[in-house]
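Read top to bottom, the protein sequences are chains A and B. Per the working numbering: the first sequence = residues 1122 to 1214. Per the working numbering: the second sequence = residues 2 to 460.
Hints may be right or wrong, so weigh each one.
Unchecked claim - With the C-beta cut set under 7 angstroms, the calculated list includes, among others, these residues of chain B facing chain A: (1) Tyr19; (2) Ala23; (3) Asp172; (4) Ala175; (5) Ser179; (6) Arg183; (7) Gln187.
By construction, these hints were calculated from the structure, which means they are not laboratory data. The beta-carbon is built from N, C-alpha and C at its ideal position, and this holds for glycine as well.
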Amino acid sequence: MKIFTASDLAVKIIHEQEAIIGPLAWNVARHVSGMTVKSKDHVTIPTSGSVVLASLVKKYEGLFGPASREVCRDAVRSMLPKVLASDIPEILK
Amino acid sequence: MAISSDSISTNDVNRELYIRNAELAVRNKTLLLLHVMSGVMARALETKEMVHDIVHTLRQEFSYPFVAVALVDEKKKYLEWKSFSSAEKKGIKSVRIEQLEPISLLGRNNICAKSLRTNRRHVSRNFANIFEGIDVETGKQFSIDTQLKSALIFPLTLGKESVGILAVGLDRSAITLSKHERETFQSLLGLMTIALQKAETFQHLQNTAKQLRVANHHLQELDGVKTEFLSIASHQLRTPLSVLKGYIGMLNSTMLGPLAVKQKDVLMRMDSGTEQLIMLVNHLLDVSRIESNRLSVRLEPIDLRGVLDGLVKFLEGKAKEKNVALLYTVPTMALMVNLDLEKVKEVFMNLLDNALKYTDEGNVTVTVRVEESNVRVEVRDTGHGLTHEDIANLFQKFVTGSASKNVRTTTGLGLYVVKKLVEAMHGTVAAESEGKEKGSRFTVLFPLILSEKCDENNQ
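Next comes chain B alone, as it looks inside the complex (with noise of 0.2 angstroms):
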């Protein structure tokens, strides 16, 4: 087949297949750069860690006489140098960042200023044009050690914002940057602004987190505060019930004379209310003892047997005014475990006066079982019972069950003081209910010290 005189020749297929990979080849240039750079980026999160290693990446790539990079200040009244990076003679560099003077945005000769407020890229021949406080003999000194020829200002933005300026110094005239820099710069100036954005976010989040330790700081003086209150307060208080306590006492035993039906009847309705008073402020000095860490306990080893009997008869008369039976199940051998004498009592008295209360009808029973090498005591009721909600917010501050509607002395106290006693005396303690009206079932287990092996007997 001939060839005509007009086709393709070789040399021009040659010749434009060398344009084509010519072009490819500084795409692949400029991506390397841009793939560093990026990396660069993505691993520096505050600002002038960032930009000093953009500055410092470019300048080395380049061999630019000076990259510096200044951002607008919070009030957005200055530019301010974060980084600036150039070439030094014999070690030495005849200008330094501290000498570097922020630009007033309003400045009219500074061409950094103007760069910022056009939003447009802009040339200048002249270093006083760019840099403020640096004095001529310095900047021309400068010109010559670092053979400055011209330099390149480009604004940095954020969405419509302007928030910064790159200022590259070239040993040349500008317009002779090479297809690999102009292509550099285009979409450098694009990856710089999403870095200086996550940069903000950092410096957002930062001081936000600085805020809230702040915050959080000064909420834990004033818990300090309220706990210190209220012990300072429940002991005020307790004094005076306990008077208050002793004399209703003296009133109902006929000890000041004789009382009348309906007196006998207020005289009653007195003591429940300071019993009250006293309970809600035991709880409150618990409390307030268990948040400061001043909830110490004194273990030794006591029988448990002996607290329960006697708390169980203690109680008898409150079951029996409520017509309630109260039953107790407990093996002959010794129990001994770990305890505070007066901190496990506290324990029982907390959790069978709550069976009491919450049980108009049917029985209450303290079941005392060996399991393994701990003690199982279980205070079961045929009371209101408990949701599946009551039961995880039980031992929590301030928490009442959703019957505790059915009784009026409740302070939301007592079941979170139980808990901490319990875990500060090595046991667990937990609650179960087949749900509302079904009745509810207190376990608690401590670890035995000594037991012996004997049946359980009914008492």
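Looking at chain A on its own, in the form it has when it is part of the complex (with noise of 0.2 angstroms):
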């Protein structure tokens, strides 16, 4: 069975933003420190994955509010049965 990384659960998230605000989704992305955004569907964590993935919704969060951070957990929850405990940050659970 699949086991899904933090940079999957990031591309996931941004796609999902993306969706409701387009472009800027990838812009707040590309201002979180511990991750870069390669392509639309190329996001690297290289350490850290729940310290950055728990940034990056703050980010979304500081500029939408509580309903961006509902938009995040909506958009991982399936997935987060197969991702590592280490990756997944307090926020997103």
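Make one complex out of these two single chains by using the hints.
Now the structure itself:
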């Protein structure tokens, strides 16, 4: 069975945000430290997956409020059972 | 202009717009999925195929551990699994649809039967409550392989009647359904019931078509038996009738002694009755040959004039008896046509006999002409005529024209036989009339094989 990584979760979150706010979602992601956006399907998080994901969610939340946090949680909910626990930040649980 | 401290900030507007956009995004995603689903449902006609496509699409979209559909059987006693799609572990499925047994609708412990009975959504955390026929170990292994945590059972209803269930396995708690999932299920169930109704109608149509095919085959067999019966019966009748006709002829010719006037009158009636019976039997035999595709024609070059000359001469006496003039116009040249001698005699005998039968006064005219590469024979009378309705049905079996009440001897088969015989000899026949009591005209066309240009001569 496929195991999802923090990068997979980040891609899913950004895509979901893009459906709501458009390309701005990628601009926001590019400003998250610890994460490199190479293309629309290629995002790398070399270390501290959980921390980087939390800061991505907080970036959106800071700009668009708690509703955007819920969108992030909804986006990855079905993936969580297949992600290492150490890669899941508290904010997404 | 100053902005008051309680006015809405840009940030608030931004957040409000985000919420609206998020709702629209969910709706958009749901509509997109439903669009795909409705496409699947529109394409598939049979229940099994349609259900399979829905189950497969749904499981792929949300990566569910399993999605399955069961429908109530015809006797309304069991829920039968129509489709089951599950996640695979290294390409191997631990549970296959063949393993799933039908669920009794009265089953107390089964969550699917319960959902159907109560017509409400149910949640189960126990695989054994959903499926039957799966042993505990297999169920456990399946749950581990697919990380199954819970399952949602939705009833499918057509009007007020529950027709089946949709079972969806989740790798999390059922309360964690996203808005997209909730909206999808809400709309999908409605779509599925419409699609099931369509599939049911299609199934009914298929069954009816099958029944009609069987009935049609049966009717064809019966028709064959009837034709066979007609053929046998007609042959059995013709021999004694020929004997009868012969003896009547002998009596009429006074070979067996002189006859009194009253006896002659009775004998004439007997002769007419016998002739009518022979005609009927002959027509029935023709019909049985036509309908059993046994009508064979032996075409050979024949001079049509010779045939018509003989027939006109033969019927002159009958015309004289009725006080009807029988006029005949024919070219002097030979009119060579590929015909079956016996069949062509039968055709013109029928047409001329009819013309005389339906004409009480005036004349019957037979005109033969060459028209391009055809020979055209026209039998025109000044008799009772035909209505438009008569003409439309004239060449059908057992159909008699409106003028048939004026004659005693009619079978309703003569013109049907004429048409079939003419067509078998590559000709055509048509009827015309200006209306009731305005006479009628029958035209027969045959392709010529040899013609000489000659003036027409009255004979």
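Exercise for review: If any of the earlier hints don't hold here, list their numbers in rising order.
Suggested key: Of the numbered hints given earlier, those the structure breaks are 4, 6 and 7, listed in rising order.
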